[in-house]
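Undergrad: Residue numbers (the working numbering), protein chains in the order written: chain A, 1 to 188; chain B, 189 to 380.
If you are wondering where the hints come from, they were derived from the structure by calculation, not from laboratory data. Please read these numbers as outputs of a predicted model, since none were measured by experiment. Worth double-checking, as some hints may not be accurate.
Claimed, not checked - No farther apart than 25 Å at their CA atoms in a straight line, the calculated lysine-lysine pairs in the DSS-like style are these:
no., chain 1, residue 1, chain 2, residue 2
1, A, K146, B, K328
2, B, K290, A, K185
3, B, K328, A, K185
4, B, K344, B, K290
5, B, K337, A, K66
6, B, K337, B, K256
7, B, K258, A, K146
8, A, K146, B, K290
9, B, K245, B, K341
10, A, K146, B, K337
11, B, K256, A, K66
12, B, K258, B, K341
13, B, K245, A, K43
14, A, K146, B, K256
Unchecked claim - Cβ-Cβ distance ranges computed for the label pairs, FRET-style:
no., chain 1, residue 1, chain 2, residue 2, range
15, B, K258, A, A88, 41 to 47 Å
16, A, S71, B, K290, 47 to 53 Å
17, B, N340, A, A88, 50 to 56 Å
18, B, L285, A, R145, 29 to 35 Å
19, A, L95, B, P261, 16 to 22 Å
20, B, A354, A, D104, 34 to 40 Å
21, B, W304, A, S71, 42 to 48 Å
22, B, I361, A, R145, 33 to 39 Å
Said to hold, decoys possible - Listing some non-contacts, in silico: residues in chain B with all C-beta distances to chain A over 10 Å:
no., residue
23, L298
24, G310
25, Y324
26, A350
Even for Gly, the Cβ is constructed at its ideal location relative to N, Cα and C.
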Amino acid sequence: MDGVRSDVKVVESPRRVRISDAFLRLFALAFTLVAAVVVGVSKETEIVPITITPSLPTLHLQFTAKWQYMSAFVYFLVSNAIACSYAAASLVYSLAVSSSFNQDAVVLVLSILDLVIMALLFSANGAAAAIGVIGRDGNSHVQWRKVCDMFGGFCHHFTAALVLSLIGSSAFLLLVAFAVLGLHKKPK
Amino acid sequence: MASTDKPTDPEYNKEAPPPPPPSATVNCFAFDITLRVLLFASALTAVVVVVTSNQTKFIPPLGFREAKFKHSPALVYFVVALSVAGLYSIITTLASLSVIWKPHLSTKFLLHFAFWDVLILGLVASATGAAGGVAYIGLKGNDHVMWNKICNKYDKFCQHLAGSLAVSLFASIVLVLLVWLSVYSLHRRIPK
């Protein structure tokens with residue numbers, strides 16, 4: 001029974017697989033691009049009142065929150081930019097060679113590269129999320145105080161970018177999964 | 189029995205699977221098992237090194253202060269993720285061994301291995317990123333938000349963290365190799 005079902009799927013699958021593959025790449029491209037742009041444009045300047053001692057007058061200092069200030073955010077932005085340009089390049093490549101060349105070799109090479117980009121994006125998401133959690137909650141054990149109560153807008157931008165990048169990396173994960181499934185479904 | 193009512197019965201009759209060349213399969217799975225044992229060893233090492241990184245030091249204005257991994261959510265996530273990867277590697281090593289006894293399961297197992305390896309790779313990569321991000325702040329500090337560095341005070345703690353991060357990076361490379369191996373073995377089964 002299993003053999004019959006997989007055979008029926010193989011008859012109609014190549015075109016459908018190619019279309020879903022292209023859509024997923026487009027998806028990943030869009031989400032990582034928007035994530036990179038949202039982090040890139042997020043910048044907030046706030047005037048923060050600081051009281052050193054009650055006898056002195058309150059100081060009003062100007063602070064700016066930028067993504068360049070935090071190495072984890074730089075890593076996040078760079079990884080998203082790399083993933084975005086890779087998604088664009090692989091989309092063009094897979095569309096260009098789709099009919100002329102040995103399809104299986106293309107699927108093999110692309111899934112290997114997809115996997116590396118996926119790992120890169122996941123580690124960038126982890127790093128950015130870890131720093132974001134410290135920014136939101138602070139860490140009293142080492143006296144790192146929270147910053148999101150001052151820079152609310154920056155933190156909201158950043159949360160949005162993190163969610164977008166997570167969706168983008170899930171798209172890469174699905175790409176790898178579909179490629180493996182496609183290789184498995186080929187007639188033996 | 190099924191061939192009487194199926195329109196695709198010529199294919200069904202042809203479907204008797206030709207046995208794959210046994211020596212090549214076993215070779216691939218031997219490599220697979222080696223990588224999985226390496227994954228287990230590195231995950232275990234990373235977890236043990238982080239868990240034993242407690243350090244208590246006298247910090248002048250504050251008195252005795254302790255640094256441990258439980259104080260940072262990112263490091264807790266790191267320990268949990270690497271423990272999951274270690275458990276996963278035990279289970280899949282056993283499954284991989286069972287393929288050597290029963291080669292007819294190999295294609296099914298390769299598919300499942302590839303899926304789960306990709307997921308575990310995502311888990312380990314994000315955990316490494318999270319712990320690395322926090323450890324970098326601990327090493328360098330950040331003047332813009334006045335987060336002071338802590339590695340000049342807790343030297344042993346930071347050395348343990350650095351070692352564990354290197355080992356978990358190795359574990360994620362092993363996972364990448366495992367997925368490549370599964371994808372390549374699946375690819376090789378397609379007749380030219």
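Undergrad: Mind checking the alpha carbons of B/K258 and B/K341 for me, to see if they're no more than 25 Å apart?
TA: Distance of about 18 Å is within 25 Å: holds.
Undergrad: Are the Cα atoms of A/K146 and B/K328 separated by 25 Å or less?
TA: Answer holds: A/K146 to B/K328 is near 18 Å, not above 25 Å.
Undergrad: Is the distance from the Cβ of B/L285 to the Cβ of A/R145 consistent with 29 to 35 Å?
TA: Hint violated: Cβ distance 52 Å, outside 29 to 35 Å.
Undergrad: Given the proposed pairing of A/K146 with B/K290, does the C-alpha separation stay at or below 25 Å?
TA: With Cα atoms ~56 Å apart, A/K146 and B/K290 exceed 25 Å; violated.
Undergrad: Are the Cα positions of B/K245 and B/K341 separated by 25 Å at most?
TA: 8 Å, holds
Undergrad: Does the hinted range 50 to 56 Å hold for B/N340 and A/A88 at CB?
TA: 44 Å, violated
Undergrad: A/K146 and B/K337 were given as a pair; does the straight-line alpha-carbon distance stay at or below 25 Å?
TA: Cα-Cα ~15 Å, so holds.
Undergrad: For the range 33 to 39 Å, tell me whether the beta carbons of B/I361 and A/R145 fit it or not.
TA: 36 Å, holds
Undergrad: Please test the hint of 34 to 40 Å on the beta carbon pair from B/A354 and A/D104.
TA: Given about 36 Å between the Cβ atoms, the range holds.
Undergrad: Take the C-alpha atoms of A/K146 and B/K256, compute the straight-line distance between them, and say whether it is at most 25 Å.
TA: Roughly 20 Å separates the two Cα atoms, so the pair holds.
Undergrad: Was B/G310 rightly flagged as not at the interface, with every chain A Cβ beyond 10 Å?
TA: 5 Å, violated
Undergrad: 47 to 53 Å was suggested as the range; check whether the CB atoms of A/S71 and B/K290 agree with it.
TA: Distance hint for A/S71, B/K290 holds at roughly 50 Å.
Consistency with the previously given hints fails for numbers 3, 4, 8, 11, 13, 17, 18, 19, 21, 23, 24, 25, ordered from lowest to highest.
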